[in-house]
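Each chain sits in its own coordinate frame; assemble them with the hints.
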Amino acid sequence: MNNFLGTDTLIEVTYLIATLLFILSLKWLSSPATARRGVFAGEAGMALAVAGTLLHRGIVDYKLIAIGLVVGTIIGIPLGKVQMTAVPQRTALSHAFGALCVTLVGTAEFYLRAPHIAPFMMAVLAMEVILGSFTFTGSLMAAGKLQEVLPQRPVTYKGQNFVNLAMLGLAVAIAAILVIHPEQTRLFPAMIIIPLIFGVMLVIPIGGADMPTVISLLNSYAGLSAAAMGFVLNSKLLIIAGALDGSSGFILSLIMSKAMNRSFTNVLFGGFGQIQAAAKGAIEAPPVRSATPEEAAGILAAANKVVIVPGYGMAVAQAQHKVRELYDSLTKRGVDVTFGIHPVAGRMPGHMNVLLAEADIPYDKLLEMDQINGDLPQTDVALVIGANDVTNPAARTDPSSPIYGMPILDVDKARTVMVIKRSMAAGFAGIDNPLYYLDRTLMLFGDAKAFVSNIVRELTGGSGHGG
Amino acid sequence: MKLDLLTGLYVFMLAAFIGFEVIRRVSPLLHTPLMSLTNALDAIAVVGAIILAGEHKSNLAAILGTIAIVAATSNVVGGFIITDRMLKMFKSSGPKK
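Residue numbers (this note's numbering), protein chains in the order written: chain A, 1441 to 1907; chain B, 218 to 314.
Okay, chain B solo, but in the shape it has when bound (with noise of 0.2 Å):
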C-alpha cells in the first residue's frame, strides 16, 4: 500500500477549499444542525474501523477497532437523527416561501 503524498496533500486542499466556500454560505440560522451534521459525516471513520477490526490482524488491532466502530457509529446514528430533529422544527411563517 502505497501512500501518495501528493496526491492526498492535493485532495485535503481541495476539500478544505470547498468545504469553505459551501459553508461559509450557511445561514447563521442552522449552525447547530451545521456542526452536528458534520460530525456524522466526519465519523465516516467508522470505515477505518471497520477494516481494522474485520481484518483481525493483531488482537489489539481488533479490540481498539472494535472500539473505534462503536464510537463512530453512535456519532453517525446519533448525528443524523438529531440533525433531522433540529431540521424538522425550523418552519417558515408564511405559508410558503
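Looking at chain A on its own, in the form it has when it is part of the complex (with noise of 0.2 Å):
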C-alpha cells in the first residue's frame, strides 16, 4: 500500500487545485466581462478532480466507468444545448439528476457499509439520501409544471401542510432508528420512498410565479444533500462543492422571496393559490383605454425616453427578437432604451436578462428594479410586455391585495404606461391589476410577438427610414 502513497497524495493534490479552481470560477461569475473565465476555470477543476479520482488505487473496473461517462456525455450534450427559454425547465432537470445521483451514491454506501455505522455517519448519510429523494421528485415535479406537461395551476387540498409536515416527520423519525440500529436495514427503503412522495407533494401546491424561489430552494438542497455526501465519503472537495452549490442557492432563494416579499416557509407552505382564489372577488371591472399598433408606434417615437418592462409572457411568445427590433428602431430614431428587470421576473432568477442577451440587447440596458425605479418618473413611456404582477401598484397602495409590500417596478409613475396583454382576464396569478385602469394606461390587446412587430413594422415603415 505504501507504494501508492504517491498516487494518493496525487489525487488529494488534484482535488486541491480544484477546489481553488471552483471557488475562482464562481468569483470570475461577478461580473459578464469576466464570467466566460469562470466556466474555463470550472471545466478545468472537474476535469482535473475527475482525472486524479481515476487513478484512485481501488478501482478494478474501469468498464462500469467509461459506460457512465458516455452516456452521461451523450445525455449531457443535448441538455446543454435546449433554447434558452427552455432554461428554467432543464435547470430543474439538472437538480434532478444531480439529487439522484447522490440518492444512488447513498443507497449504495448504506447497503455496503450496514450494519457497521457509526451514529454520526448514518446521520449524515440519512440527511444525504432524505434531502437527495425529494430533491429528485420535486425537481422533477417543477420541471414538469415547467414544460407544462403537468398541470401548472397549484394544487391544494385541505390539511395539505399538515400531510407533508408528517412525511418528513416520519421520514426523520425513520432515519433516527436507523442511527441508533443500523443493522434494521429493511427500514432503509422506507427512508427513500418517503422523502420521494414527499419531494411530490411538496411542489403540487406551488404555482408558476413561485418558481424562481422554488427552482433556488432545491437549488439549496441538492448542494446541501451533495455536502452531506462529502461527510459520508470524506470527501473535502465534495463538501466544499456541496456547500457552495447550497449557498449559492440559498442566497438565491433570499433575494427571490425578498422580491415577493414572503419568506421561505410561506412559498413552500402558504398555497399561494388560496389567498388568491380567496382575493379574486366579483367586482365589476372598471372601463378601460385600448390602443392600436399605429397609435402605440406614434407615442412610442414621440418619447424621448422608454422603459420596457420584460416579464414571462413574453418569454410565452418567443417575443424577445422582436423587442430587440423594436430597441433597435427607437434608438436609431435618438429614443433612449431601457430595460426594467424585475427579480421575479420570469421562472427562474435571471431569466429575462438571458433571454435579452440571446435577442443580443447589450446587458448595461438590463437595469435591475432598483435602479430603473428612481428614472421611471421621468420616463415617457413604460411598456410593459407579458409582465403583470411585477408592476401591480396594489402592492404599494392596497393592503388588502395579496401582494402588498412586495416591491414591484413602479411603471404607473411614468408618464405614459403601455400594457401588451392577451386580454383582460386575469393573468396566472388571477390577481386584478389597478395598472390597466389608470387613465395614462393604454391596454394593447393581443400576441406579444405579433404585437411588438406590429409596431415596429410601424415605426420602419410608417416615416421614412429611421428618422
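These aren't lab readings, by the way, just hints derived from the structure by calculation.
Please note: incorrect hints may appear among the correct ones.
With a Cα cut of at most 20 Å, we get these calculated DMTMM-like pairs of lysine to aspartate or glutamate [what the hints assert, rightly or not]: (1) A:Lys-1698 / B:Glu-238; (2) B:Lys-308 / A:Glu-1808; (3) A:Lys-1772 / A:Asp-1804; (4) A:Lys-1805 / A:Glu-1735; (5) A:Lys-1889 / A:Asp-1768; (6) B:Lys-305 / A:Asp-1501; (7) A:Lys-1698 / A:Asp-1850; (8) B:Lys-308 / A:Asp-1768; (9) B:Lys-308 / A:Asp-1850; (10) A:Lys-1598 / A:Glu-1623; (11) A:Lys-1889 / A:Asp-1800; (12) A:Lys-1889 / A:Asp-1879; (13) A:Lys-1745 / A:Asp-1810; (14) B:Lys-308 / A:Glu-1765; (15) A:Lys-1521 / A:Glu-1798; (16) A:Lys-1467 / B:Glu-238; (17) A:Lys-1745 / A:Glu-1765; (18) A:Lys-1853 / A:Asp-1838; (19) B:Lys-305 / A:Glu-1798; (20) A:Lys-1503 / B:Glu-238; (21) A:Lys-1853 / A:Asp-1887; (22) A:Lys-1772 / A:Asp-1800; (23) B:Lys-308 / A:Glu-1798; (24) A:Lys-1745 / A:Asp-1850; (25) A:Lys-1698 / A:Glu-1808; (26) A:Lys-1698 / A:Asp-1810; (27) A:Lys-1772 / A:Glu-1898; (28) A:Lys-1521 / B:Asp-301; (29) A:Lys-1853 / A:Asp-1820; (30) A:Lys-1745 / A:Glu-1734; (31) A:Lys-1467 / B:Asp-301; (32) B:Lys-274 / A:Asp-1776; (33) A:Lys-1745 / A:Asp-1820; (34) A:Lys-1521 / A:Asp-1804; (35) B:Lys-305 / A:Asp-1800; (36) A:Lys-1805 / A:Asp-1815; (37) A:Lys-1745 / A:Asp-1815; (38) B:Lys-308 / A:Asp-1804; (39) B:Lys-308 / A:Glu-1898.
Set out below in C-alpha cells:
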C-alpha cells in the first residue's frame, strides 16, 4: 500500500487545485466581463478532479465508469443545447439529476457498510438520501410544470401542510431509528420512498409565479445533499462543492423571496393559490383604454425615454427578438430605451436577462428594479410586455391585496404606460391589476410577438427610414 | 477510513462562508448562468460515483454507481455547455467597457 502513497497524494493535490479553481470560477462569474473565464476554470477543475479520481487505487473495473461517462455525455450534450426559453425546466431537471446521483451513491454506501455504521455517519447518510430523494422528485415536478406536461395551477387540498410535515417527520423518525439501530436495514427503503413522495407533494401546490423561489430552494437542497455525501465519503472537495452550491441556492432563494415579500415557509407552505382564490372577488371591471399598433408606434416614436418591462409573457410568446427590433428602431430615432428587470420576472432567477441577451440586447441596458425605479417618473413611456404582478401598484397601495408589500417596478409613475396583454382575463396569479384602469394606461391587446412586430412595422415603414 | 468529523465541519463552514461572500457579489444579470454553473460544479459528486462503480464491491453498488455517473456526467457536460452559451450572449453596448 505504501508504494501507492505517491498516487494518493497526487489525487489529493488534484482535488486541492480543483477546489481552488471552483472558487475562482464563482468569483469570476461576478461580472459579465470575466464570467466566461469562470466557466473555463470550472471545467479545468472538473477535468482535473475526474482524472485524479481515475487514478484511485481501489478501482478495479473501468468498463462501467467508461459506460457511465459516455452515456452521461450523450445525455448531457442535448441538455446543454436546449432553447434559451427552456432554461428553467432544464435547470430543474439538472437539480433532479444531481439529487439522483447523490441518493444512489448514498443508498449504495448504506448497503455496503450496514450494519457497521457509526451514529454520526448514519445521520449524515440519512440526511444525504432524504434531501436527495425529495429534491429528485420535487425537481422533476418543477421541471414538469415548467415544461407544461403537468398542470401549472397550484393543486391544494385541506390539511396539505399537515400531510407534508407528517411525511417529513416520519422520514426523520426512521432516520433516527437507523442512527441507533443501523442493522435494521429493512427500514432503509422507507427512508427513500417517503421523501420521494414528499418531494411530489411539496411541489404540487406551487404555482408558476413561485417557481423562481422554488428552483432556488431546490438548488440549495441539492447542494446540501452533495455536501452530506462529502461527509459520508470523507471528501473535502465534495463538502466544499456542495457548500458552494448550497449557499448559492440559499442566497438566490433569499433574493427571490425578498422580491416577493414572502418568507420561505410562506412559499413552501403558503399555498399562494388559495389566497388568490379568496382575493378574486366579483368586482365590476372599470373600463380600460386600448390602442392600436399605429397609435402605440406614434407615442413611442415621440418619446425621449422609454422603459420596457418584460415578463414571463414575453418568454411564452418568444417575443424577445421582436423586442430587439423595437429597441433598434427606437434607438435609431434617438429614443433612450432601457429595460427594467424585476428579480422574479420569469420562471427562474435571471430568466429575462438571458432571453434579452440572447436577442443581442446589450447587458448595460438591462437595469435592476432599484436602478430603474428612480428613472420611471422621468420616463415618457413604460412598455410592459407580458409582465403583470411585478407592475401591480396594489402591492404599494392596497393592504388587502395578496401581494401587498412586494417590491414592484413603479411603471404607474411613468407619463404613459402601455401594456401588451392577450386579454383582460386575470393573469396566472389571478390578481386584478389596477394599473390597467389608470387614465395614463393604454392596453395593447394581442399576442406580444405579433403586437411588437406590428409596432416595429409602423416605426420602420411609416415615416421614412430611421428618422 | 476514519471520518474526521470536526475537520469536515470546519471545511463546510468555511466553504459556505466563502460561497456566501463570493456569490453575493454575482450580478443579478447572471443569476441564471450562476445556477447552471454551480449545478455543474456540484456534479463533482461524479467522483464518488466513479469510485463506487470502479471498486465494484457489490453488484448493487456497481449498478447504482454507474447510473449515478450517468446522472452527474450529464449535469457536468450539459451544465458547462449551457453556461458558456448563455455567457457568450451577454454583450456590452459600448465598444469596450
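Check the structure against each numbered hint from earlier and tell me which ones fail, lowest number first. 4, 6, 9, 10, 12, 20, 21, 32, 34 and 39
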